[in-house]
Structure formats: structure tokens, C-alpha cells
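> Using the sequences and the hints, build the whole thing.
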Amino acid sequence: MAVITGTIERRTAGFNDIHDITGDVSNLVKESGLGSGTATVFVTGSTGGVTTLEYEPGLVKDIPEALEKVAPMGKTYHHDATWGDGNGFSHVRAALVGPSLTVPFRDGRLMLGTWQQIVLLDFDNKARSRSVVVQIMGE
Amino acid sequence: MAVITGTIERRTAGFNDIHDITGDVSNLVKESGLGSGTATVFVTGSTGGVTTLEYEPGLVKDIPEALEKVAPMGKTYHHDATWGDGNGFSHVRAALVGPSLTVPFRDGRLMLGTWQQIVLLDFDNKARSRSVVVQIMGE
Amino acid sequence: MAVITGTIERRTAGFNDIHDITGDVSNLVKESGLGSGTATVFVTGSTGGVTTLEYEPGLVKDIPEALEKVAPMGKTYHHDATWGDGNGFSHVRAALVGPSLTVPFRDGRLMLGTWQQIVLLDFDNKARSRSVVVQIMGE
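Chains as they are written, first to last, in this note's numbering: chain Y, 1 to 139; chain U, 1 to 139; chain C, 1 to 139.
Hints are computed from structural coordinates only; laboratory data are not their basis. Some clues are possibly wrong.
Label-pair distances were calculated between CB atoms; the ranges are [stated by the list, open to error]:
{"hint": "1", "chain 1": "U", "residue 1": "G84", "chain 2": "C", "residue 2": "G35", "range": "43 to 53 Å"}
{"hint": "2", "chain 1": "C", "residue 1": "W115", "chain 2": "U", "residue 2": "E9", "range": "26 to 36 Å"}
{"hint": "3", "chain 1": "Y", "residue 1": "G108", "chain 2": "C", "residue 2": "T82", "range": "40 to 50 Å"}
{"hint": "4", "chain 1": "C", "residue 1": "R11", "chain 2": "U", "residue 2": "R128", "range": "41 to 51 Å"}
{"hint": "5", "chain 1": "Y", "residue 1": "G108", "chain 2": "U", "residue 2": "G33", "range": "21 to 31 Å"}
{"hint": "6", "chain 1": "C", "residue 1": "G74", "chain 2": "U", "residue 2": "T114", "range": "21 to 31 Å"}
{"hint": "7", "chain 1": "C", "residue 1": "E65", "chain 2": "U", "residue 2": "E9", "range": "36 to 46 Å"}
{"hint": "8", "chain 1": "Y", "residue 1": "D107", "chain 2": "C", "residue 2": "A81", "range": "42 to 52 Å"}
{"hint": "9", "chain 1": "U", "residue 1": "N27", "chain 2": "C", "residue 2": "R11", "range": "34 to 44 Å"}
Where is the CB? At the ideal position from N, CA and C, for every residue including glycine.
Written out as C-alpha cells, the structure is:
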């Protein structure tokens with residue numbers, strides 16, 4: 001058994017920018033040399049999220065539209081009263097989607113469905129650099 | 001330390017069909033012979049989800065009603081324009097609920113609450129076979 | 001590789017009471033003596049949730065307001081018809097937020113962002129004691 005820590009860096013545009021990071025996670029698993037285990041994908045920061053999605057242009061628009069019903073971008077948040085940075089919606093969306101995802105792998109391959117990609121969602125209200133930790137554990 | 005991979009197969013009806021898979025996960029942990037560790041429950045495919053729920057007939061109706069507010073079944077999605085398969089709501093619901101859950105176990109038993117079951121949610125718009133991977137790691 | 005099980009006990013007020021448990025999880029990781037691995041934070045019970053959040057008074061109000069749109073507290077739920085305990089909203093919120101979170105650590109430190117705290121959310125409709133299991137695995 002071993003633990004191997006990888007990191008993925010992405011430049012994101014904010015405002016529900018969704019990135020397919022499956023290839024990066026998959027490569028880190030291959031480079032680890034491990035056969036069987038789990039890859040925990042964790043986004044650093046409180047305005048990002050991680051989940052799986054069929055990564056295609058339609059759903060990349062549908063996800064933000066659904067979240068608009070729960071945490072609209074035009075609303076004033078208590079958070080904005082605290083800091084005045086105008087990204088209350090970003091924090092609420094990120095907390096609900098969640099920052100972590102654990103994906104099993106076997107024979108060095110992630111056990112995803114054919115149309116199931118690992119995605120990073122950046123909910124912030126500005127462009128930024130994002131770090132995603134990939135903690136690979138297995139044998 | 002060891003890694004043991006189990007699989008649960010279920011025939012699902014789609015349209016927010018919710019299955020209690022606690023017994024299956026619990027049996028896989030017992031069969032692993034491990035005492036202490038984690039069971040990562042991961043649904044393969046981009047229209048399914050996994051979470052915990054008190055599995056009783058009322059909540060099995062309440063969960064779809066809540067998700068109807070976020071991703072209504074009657075709405076037209078950008079995804080449907082891409083593929084024409086009419087399951088945009090399924091993908092959005094699945095991405096928000098999430099495909100993975102990690103449950104600790106000790107003395108060979110899952111550390112769940114008395115009324116807390118592990119559930120598989122099938123959001124697709126047709127009946128299908130579902131595979132759930134259970135990655136058991138521990139000692 | 002080792003598995004170390006910790007527990008956090010908290011007295012909660014219910015009704016979307018949000019607690020910062022980062023310090024407790026961080027201490028358990030330090031006490032484990034492990035350098036690198038994952039901490040799986042799992043709330044026992046079907047009316048609690050775990051996620052990350054910038055823990056500040058504004059967002060502690062914003063999160064319940066967002067969930068009010070998905071699972072309002074004033075609505076009658078099918079669950080309430082089954083048990084009559086009036087906490088249908090609690091179960092729905094808990095299932096959607098999810099009970100588990102897996103956080104990587106390295107050099108004995110959780111790999112969180114500066115403004116990213118691990119929070120326990122109690123959605124129940126009464127004060128209670130909550131147990132959170134922290135399963136620490138690594139080397």
C-alpha cells in the first residue's frame with residue numbers, strides 16, 4: 001500500500017466555469033504505478049466544486065441554470081455584507097456541490113462510465129488559478 | 001492493508017428510482033475479512049447518484065419532489081438539444097447529488113446511524129442495469 | 001499504512017445549525033502520527049451533513065436560505081405522514097448535502113484552502129448530540 005499526492009493546476013474563468021479533468025486524474029493514477037485503490041479529488045478553496053458529468057456543451061450550460069434556482073447570482077447575500085466581495089452565490093454553490101470526490105481504480109484505470117467525466121467547477125466571480133489535489137491510495 | 005473491489009448490480013426503473021443497497025455493501029465488507037477501513041461506493045454512469053437516506057416510502061417520494069424544483073423533468077435542457085435523448089434532468093440531478101460516498105467501517109461493520117441507509121438513485125429516463133463499485137480499503 | 005478511527009461529539013441546536021469542526025479533524029490527524037493520507041469525515045444519522053465552507057456569520061445564514069428553496073421548512077412532506085415527527089425537510093436537506101467528505105493530508109496537515117473549513121450541518125428539528133466519525137488512513 002502506498003499514498004501518492006498529485007496536483008492539477010488550472011486557470012479558470014469563474015462564473016460556473018466547468019473543466020474536464022479526467023485526463024489529468026487518469027494520468028496521475030497511471031504515473032503512480034498502483035494497480036488498485038482510490039483517487040480522492042479535492043479542490044482547494046471554498047468557491048470550487050468537484051463532481052462527475054457527461055462533459056458536453058449542453059450540460060455545461062444546464063448545470064449553472066439549475067444552480068441559479070438555488071443560489072441566484074443577482075441576489076444579495078449575507079456573505080456579501082460581511083466581505084463586500086460579491087461572491088456569496090459562489091460560496092453557497094460550492095458548499096452544496098461539495099469539494100471532494102473519491103473514484104475507485106483497478107488495473108491502473110479509473111472505474112468511470114463511458115460518458116462520465118470528472119469535472120472541476122469554478123463558481124467564483126473572477127478568473128483565478130485553481131489547485132486540485134489528487135490523493136492516490138492503493139497497492 | 002488491502003484493497004478489495006466489489007460490484008453491486010441492480011435493475012432500475014429510472015425516473016428517480018431509489019434503491020437501498022446497505023445490505024449489499026455491508027455483505028461485501030464482511031466478505032472482505034477486513035476489520036477497519038473505508039468502503040467507497042461509486043455509481044458508474046452519469047445519470048446515477050449515491051447518498052444516505054432513511055429508506056422509507058415517504059422520503060422516496062420527497063427526494064424527487066425536491067429535485068423537481070432544481071431540475072424539473074418537464075423543462076427543455078441544452079443537453080437534449082445536443083443528443084435528443086430527453087434526459088437532461090437526469091444528468092443535472094446526478095451531478096448535483098454526486099456519484100460517490102465513502103463510509104467508514106470498524107470491527108467489520110459500517111458505521112452508519114440506525115436509520116441511515118446507503119441508497120442508489122437512478123435518475124435516467126428509462127429502465128436499465130446499474131453497476132455500483134464498492135472499493136474496500138483497510139486492514 | 002494504518003487506519004485510525006476518531007470521533008467528534010457535538011451538541012447541536014438543529015434547524016440548520018452549522019459547526020466548524022476543522023480544528024477537531026486537524027487534531028485527530030496530528031494525533032494519528034501519520035504523514036500522508038486521507039481523513040474521511042462521516043456524520044452518523046440521516047439528518048446531518050458534512051461539507052466545506054468559509055465559516056463566517058454571513059454564509060451561516062445564506063446556506064439555510066438556499067436550502068429553503070429546495071426543501072422548505074413549512075412544507076408538508078410524505079415523510080411526516082409516515083412518522084409524524086415533522087422533520088421531512090431535515091432528511092431531504094441531509095441527503096442532498098451528503099454525509100461524507102474525504103480530505104487529503106500531507107506532512108500531517110489537512111490540505112484545505114485558507115478560507116475553507118470543514119463544517120457539520122445539523123438539519124434536524126430539535127437539539128441533539130451528534131457523532132462524527134473521522135477515519136484516518138495513510139502512512
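> Check each numbered hint from earlier against the structure, then list the numbers of those it violates in ascending order.
As far as the earlier hints go, only 2 is violated by this structure.
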